[in-house]
Amino acid sequence: MTTQTPDSVGLADSDFARDARQASSLGDVVRDYRDRLRGGDMGALPAVAGLVVLFAVFSFASGDFLTVRNMANLIVQAGAICVLAMGLVLVLLLGEIDLAAGYTGGTSAAVAALAIVDHGQPWYVAVIAALATGGVIGLLIGSLNSYLGIPSFVVSLAFFLALQGVLLKLIGDGGSVPVQDEVLRGLAIKNVPPMWGWIGAGVVVALYAALTLNRYRVQAARDLQRPPVALVVMRIVGLAVLLLGLVGLMNQNRAANPNLPVLHGVPWTVPVVGFLLILWTFVLDRTAFGRFLYAVGGNAEAARRAGINVQRIKVLAFVFAGMMAAIAGILQASFTGSVYPGSGGGNTLLYAVGAAVIGGTSLFGGKGKARDAVIGGVVIATIANGLGLLSNASYINYLVTGGVLLLAASVDAITRRRRSAAGV
Amino acid sequence: MTESTPAPLLELRGVNKSFGVVHVLHDVDFAVYPGQVTALVGDNGAGKSTLVKVIAGIYGRDTGDYLFEGKPVDVSGPRDVSALGVEVVYQDLALCDNLDIVQNMFLGREQKTGIVLDEATMEARARDTLGSLSVRTVKSVRQSVASLSGGQRQTVAIAKAVLWNSKVVLLDEPTAALGVAQTRQVLDLVRRLADRGLGVVLISHNMGDVFEVADRITALYLGRVAADVPAKDVTHSQVVELITAGRSGDLGIAENPATATV
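Same order as they appear, the protein sequences are chains Y and S.
Under our numbering, residues 1 to 424 are what the first sequence spells out, in order.
Under our numbering, residues 1 to 262 are what the second sequence spells out, in order.
There may be inaccurate statements among the hints.
[Said to hold, decoys possible] Derived Cβ-Cβ restraints for the label pairs, each shown as a range: (1) S:92 x Y:33: 31 to 37 Å; (2) Y:33 x S:109: 27 to 33 Å; (3) Y:233 x S:179: 53 to 59 Å.
[What the hints assert, rightly or not] Below, a list of computed lysine to aspartate or glutamate pairs in the EDC-like style, where the Cα atoms sit at most 16 Å apart: (4) S:139 x Y:35; (5) S:167 x S:80; (6) Y:169 x Y:223; (7) S:139 x Y:32; (8) S:112 x Y:28; (9) S:53 x S:69; (10) S:112 x S:97; (11) S:53 x S:97; (12) S:139 x Y:285; (13) S:71 x S:11; (14) S:53 x S:92; (15) S:112 x S:92.
Quick caveat, the hints were computed from the structure, so don't treat them as lab data.
The beta carbon of each residue, even a glycine, is placed where N, CA and C say it ideally should be.
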């Protein structure tokens, strides 16, 4: 790809027609992918590989790990981590960090729970109140970072401490607020009726197939760059296998013993996370706001010169991250059944940062996807779940999770260096 | 000095600019003609960058007129200038490494249908623009800018500037960091831009580049225009003298700059 010298000035109207528009075969695609890996662009590969290893190790070490019941449990555990991590991806894309995201979620969940318990509001009003709380906290953090220029690390650390105080004041020392609402509590403990699970998965696969095939058709008609049709089909089939496999697994009876009532269906957490994943994938890949997030994270000065309002984009990223934290807080409260002064504390935030980074989001900004957060979230939840089953002391859980986060950050830093060397 | 040159596309008349007590530009007259490459030369500190930033609208003028297509225009910011069809390609290029060529070329001016980005149209237009500039060294318009060579990055930055049917393009030291082959490639592109009828301003330290592509040469010396001459009327060493001493034979500023007339 070194440069060639045009023979003379102004000749050859367009030789650009010769550039590669289509990787002609699957072999080319595989070769391209291998080149990208060598260049340090690992994407989600480490997370997927890690997941395979973790599943092998835990299913070997504990007979309870690879049961349908535990898988359902793992999925619900992963839900809150995935959602919080998706919110953090928005901030990480800018090269910023929101250390307060965990307690933003806890505070928002407390607001929701209190709205129901103390004020008798319906669940949807409570959810809106929680989203508003998260959004306002994000607005404050983002404005202080963007307009005042305080590093996000410091602003969000201050909020990390202050929000613990807010949470304590809202709930009261040593107290807790129960989450008994049918709908909110149901997110974690209720399941989608099996038939609806099949229908939902089928609709998602059909929509994905229709969208990608239509996109391919447009690209081919206008002779634009496009993947080989075989790869498009493989992606559709892959998604179908994954989703239908998940529904098939979750629709089996997983009651603890045969005498108990039948327990089957996909936990309601899954459609919630799935919807948010589709939403943010769409926003990041297909809208101007998403493009601006990548641009600001890649080169803020270039974005500014291109006429992008960099400060506003930053504030919006923090606002959306705060709202995602609120949803994560509600999912977590739904899982534990109550909000208490420690909600969103402990390792909640580091789990989410770890999830985003393990999935392939760069801490240096400009690189990451919503998908990364979900894959990474499942990895982190698997570690927590598996170590819990081995009934080790919780200190091991902390050590392992910290080690994994450090490992992921190291991979990020090393691949970043290789990327800039290889220029991929 | 005024032979059969067409009317200037962009013209500055009697521009003065001071930063505090430092008087950077003294009564500068500067013109850009359609279809011509005007080289802006001068030593470090001669005021080239300041002049470019005044043209780009980043700095205001203290006094002086800004004319576009013969009419005085009121320019108060970079947006006004790009609305006129004047684009500046800065030395540091301002590209996002993590985005691909198409995304960079349309950054901040994305084509949309509703709220959804219209990738197909953007890719087709980027391809057309690169094709019309005879760019043929890029493997794919969907590769990330990080993977491009210095010359290719410069090419993308220039193509980004001409994508919007701009009329004047200012290039700040486009070949400063490039090797021989890449310099060749960029200079060809500069020439092609002028052949398309654009007014091109080339800011450069490299006399070889200047004499190769420039039609006119404007030399700045300590914030004054030392000379504004057709490139074919001057020699290499005359231009160097203009840059370093402000005068060369009967060209340039008179001995005492304070009372000088050009």
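Consistency of the hints with the structure:
Checking the proposed 31 to 37 Å range against residue 92 (chain S) and residue 33 (chain Y) shows it holds: the Cβ atoms sit about 32 Å from each other. Checked against the given bound of 27 to 33 Å, the beta carbons of residue 33 (chain Y) and residue 109 (chain S), roughly 32 Å apart, stay inside it. Checking the proposed 53 to 59 Å range against residue 233 (chain Y) and residue 179 (chain S) shows it is violated: the Cβ atoms sit about 44 Å from each other. Restraint check for residue 139 (chain S) and residue 35 (chain Y): satisfied, since their Cα atoms lie roughly 15 Å apart, inside the 16 Å limit.
A distance of roughly 14 Å separates the Cα atoms of residue 167 (chain S) and residue 80 (chain S); the hinted pair therefore holds under the 16 Å criterion. For the given pair, residue 169 (chain Y) sits about 61 Å from residue 223 (chain Y) by alpha-carbon distance, which is inconsistent with the 16 Å threshold. Taken as a hint, the residue 139 (chain S) and residue 32 (chain Y) pair is honoured in the structure, with Cα atoms around 13 Å apart against an allowance of 16 Å. The hinted pair formed by residue 112 (chain S) and residue 28 (chain Y) fails the criterion: a straight-line CA distance of about 31 Å is larger than 16 Å.
Taking the CA atoms of residue 53 (chain S) and residue 69 (chain S), the gap is near 19 Å; set against the 16 Å cutoff, the hint is violated. Distance restraint check for residue 112 (chain S) and residue 97 (chain S): the Cα-Cα separation of roughly 23 Å exceeds the 16 Å cut-off, and the hinted pair is therefore not satisfied. With a CA separation close to 25 Å, the supplied pair residue 53 (chain S) and residue 97 (chain S) exceeds the 16 Å bound. A hinted pair counts as satisfied when its Cα atoms are at most 16 Å apart, and residue 139 (chain S) with residue 285 (chain Y) does not qualify at roughly 23 Å.
Between residue 71 (chain S) and residue 11 (chain S), the direct Cα distance comes to roughly 9 Å. Compliance with the 16 Å bound is thereby established for this hinted pair. For the proposed pair residue 53 (chain S) and residue 92 (chain S), the alpha carbon gap of about 14 Å is at most 16 Å, so the pair holds. Distance hint between residue 112 (chain S) and residue 92 (chain S) is unfulfilled; the C-alpha atoms sit about 28 Å from each other, more than 16 Å.
Hint compliance for this structure: hints 3, 6, 8, 9, 10, 11, 12 and 15 are not met, and every other hint is.
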